[in-house]
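*Asks:* The hints should help you fit chain A onto chain V, whose structure is shown.
2 protein chains.
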Amino acid sequence: MNALGLVSMRLCAGLMGHRSVVNLPFLRFSSGMTLSQIDEEVAKLLQLKAQLGGDEGKHVFVLKTAKGTRDYNPKQMAIREKVFNIIISCFKRHGAETIDTPVFELKETLTGKYGEDSKLIYDLKDQGGELLSLRYDLTVPFARYLAMNKITNIKRYHIAKVYRRDNPAMTRGRYREFYQCVNDRRILDGMFAVCGVPDEKFRTICSTVDKLDKMAWEDVKKEMVNEKGLSEDVADRIGEYVSMQGGQDLAERLLQDPKLSQNKQACAGLTDMKLLFSYLELFQVTDKVVFDLSLARGLDYYTGVIYEAILSQTIPAPAEQNGADEAGVSVGSVAGGGRYDGLVGMFDPKGRKVPCVGVSIGIERIFSIMEQKAETSSEKVRTTETQVLVASAQKNLLEERLKLTSELWNAGVKAEVLYKKNPKLLSQLQHCEETGIPLVAILGEQELKDGVVKLRNVASREEVDVPRADLVDEIKKRTL
Amino acid sequence: MNALGLVSMRLCAGLMGHRSVVNLPFLRFSSGMTLSQIDEEVAKLLQLKAQLGGDEGKHVFVLKTAKGTRDYNPKQMAIREKVFNIIISCFKRHGAETIDTPVFELKETLTGKYGEDSKLIYDLKDQGGELLSLRYDLTVPFARYLAMNKITNIKRYHIAKVYRRDNPAMTRGRYREFYQCVNDRRILDGMFAVCGVPDEKFRTICSTVDKLDKMAWEDVKKEMVNEKGLSEDVADRIGEYVSMQGGQDLAERLLQDPKLSQNKQACAGLTDMKLLFSYLELFQVTDKVVFDLSLARGLDYYTGVIYEAILSQTIPAPAEQNGADEAGVSVGSVAGGGRYDGLVGMFDPKGRKVPCVGVSIGIERIFSIMEQKAETSSEKVRTTETQVLVASAQKNLLEERLKLTSELWNAGVKAEVLYKKNPKLLSQLQHCEETGIPLVAILGEQELKDGVVKLRNVASREEVDVPRADLVDEIKKRTL
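Note that the protein sequences, when read in sequence, are chains V and A.
Here my numbering is used: position 112 in the first sequence is 112, and no number is missing along the way.
Here my numbering is used: position 167 in the second sequence is 167, and no number is missing along the way.
Chain V extracted, bound-state conformation (with noise of 0.2 Å):
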């Protein structure tokens, strides 16, 4: 089975926000409560106010979003439909069909899928009836709907948010080039049991070799020794093993390796990256990609190779936005995956395995990487794409500009008109201006009398008498 995608919009939330507490003058405070205890209190008391207070009138409303979430305007949809295209096309190019899940899950769907992370999930409140959770990444949903469905075969993609209990981390960086890492959950593995680590670690320390792209070598040796119990011997092995970078040259050296040659997993995955990197040179992108083997990746669930898509900082971010840490820190993956062979697996009554590998592009990341681009940018956003607006140069003409509009809808044309009753010229043509609409039509009592219409191109102001019957493929014409 070939699952070649899964575009998940990363929308990160709150772990800890602070609560957005209405006038509530009938609170008895009391010293001894826990937090928890008064988020209770405050939860059912406002659910009384719910009850009581629909109709008031005016509330002293919290203007806010979800903490950790944020409205898209119509500036940044445009970017967001201008990245999707990019990315779909891609899948599209590659033959990739697309699905679509709900966006919760039965509760016991995302049970046991996440180690650790487990806690991120947001459950829905019991109201009666089943036990759900917002979906916390797309593969879990997609491996219910393969098991369900009995599906053994599909390349896919899937574009739909996520959601997750985390600390969000605004972080925004200029970003020039990116290259990808690749790694293998079987090197890895097999790494651990040569280096010595017991068996039932083997997790745990992934979880700290994961760490290496934000933290110094020390740091994570000093985790893995201290926290994770460790001796210091078998340390410093994992940490010759994780310093090395390379390509194919890399895997072919490691199967010569004295100990990991003699590890059936290891040589597994090397074998495997070996042909892996005879195939990035027919698509000609050895380039691009390097075997690097600290990448460890967080999640569970996979069984084989894992990579990432690191964009690498050339300019540093602004000191005021981001503060002056950042300059020089890599700013982490944009996109990842993996295979994950026992995942469907898990949904299937007999335990049939149907191994799947798939990508997922943090596009939240990429968009605020576009969106700065746009900022700095002297070019505009256009946010519709409105070819036509449809003006008056006189008084008492907007049943004719609404006739001429309704004429252009119907023949495909993208045309706009000002609602006023009576604007003025000036302010129809400002509106071009401001958004971005390259021609004007021009209908004043002359024009009616002689059946033309003015065309006004906004950019060269150069205007031009239009027979009526034209109008249609003169504006198509000119917008290509």
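A few of these clues could be false.
The list treats identical chains as one, so a pair stands whether inside a single copy or across any two.
As the list claims (entries may be wrong) - Below are the DSS-like pairs computed for lysine-lysine, each with C-alpha atoms no more than 25 Å apart in a straight line: (1) Lys82 - Lys414; (2) Lys64 - Lys161; (3) Lys414 - Lys380; (4) Lys420 - Lys274; (5) Lys476 - Lys82; (6) Lys395 - Lys274; (7) Lys228 - Lys259.
Calculated directly from the structure, the hints in this document are not laboratory data.
On a predicted model such as this, the values are computed, not experimentally measured, just so you know.
*Replies:* Chain A alone, transformed into the frame defined by chain V:
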């Protein structure tokens, strides 16, 4: 302010869905428990189980989506994409911008906006932090967005799912025609006033009138008299008005009505109705719109004109799918909306009003219709856009197939290749038949030697040798 459109995919979910309980041998059954106590106990146990059970290996999962929700398979997604494209291009033709808001809002943002429907809101569990609810519609988040960003002028559309703890009625039918009903809340209020309905009963009587699309007048009258406490006289007077349907002429006649003409609200509504019909005439759509005094709409927040788009069922639905009852029944609205001038003010600390008008399209219902149409049609729904399959007629050509595929991808051609090492030509051709790929680019030893590719038309089976350098152009020419 002009809020052109809001397209909401209504995603209904279960109010009292049966719980899928996993083996719980230690559950104490006590005859005195209420349903909600049981729910609570089950929730506790499942939570305990989640904490304990994580890594045991195989569980018995109940493989399903949450009640009232559904997955979309690739075929359904292809139809959904088609429907979206038609709707989006319509919004764009009229110069609309798009926005997006988070799937959940602060609970208090939704409080007091929906009247009796509030009980259908999905709340998130209190896990510390803010109290959150899933959005119930796109209108209230939109009003919150406007107030928060102090926007007084925008024409926006928004495509997103909304969540209601409703009893999902998965009605399907075959619909061939549709028309639109129009009314105005002020006309309704004026009508209630002159009929003798006490002020405080306007909204609840409005809800009863709203049932006229599903209930006979006699039953509606019974509810007014027996449940809502109106006198028979008053109900009969309402009955006379709500049976009226017409166009501009009806608005004019009612402006002369001895009772209605004395009511300020009714006159304002009727005057605007006349104006609306004069615009509809300019747009040449008066034959599609009916002024219907029985149209009421459920939600509280409408303040002026209200409307619905109704599909009329012309072919009876198959009895085995929907039960015999349904054949003759009106299928209700696929879109609806109206003017809501007070909603944004509810979010503004100073109560400043921002007049709004919008429409919501029930996409799910339209999908059902399109899906049914696709099922009965002989035309195949394609789920990919692949233009060509790169195939081989001989063994050991995987690398050559990958290389050519990569070349095509780089040139922007939508291409696929089977992942098997040595697939049979027949199974490669079958893949094209099944998925609707129109062309096959076949490689063999001879073709490689001659620097050509055999291009095969899947439908006509005609084959032609194309020089490799011309292949991209030839494929593009044939799949315009």
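*Asks:* Evaluate each hint against the coordinates.
*Replies:* Tested hints:
no. : hint            : in the structure
1   : Lys82 - Lys414  : both (19 Å within a copy, 19 Å between copies)
2   : Lys64 - Lys161  : both (20 Å within a copy, 20 Å between copies)
3   : Lys414 - Lys380 : within (19 Å within a copy, 31 Å between copies)
4   : Lys420 - Lys274 : between (68 Å within a copy, 18 Å between copies)
5   : Lys476 - Lys82  : both (23 Å within a copy, 24 Å between copies)
6   : Lys395 - Lys274 : between (76 Å within a copy, 22 Å between copies)
7   : Lys228 - Lys259 : within (23 Å within a copy, 84 Å between copies)
Comparing the model with each numbered hint stated earlier shows that all of them hold.
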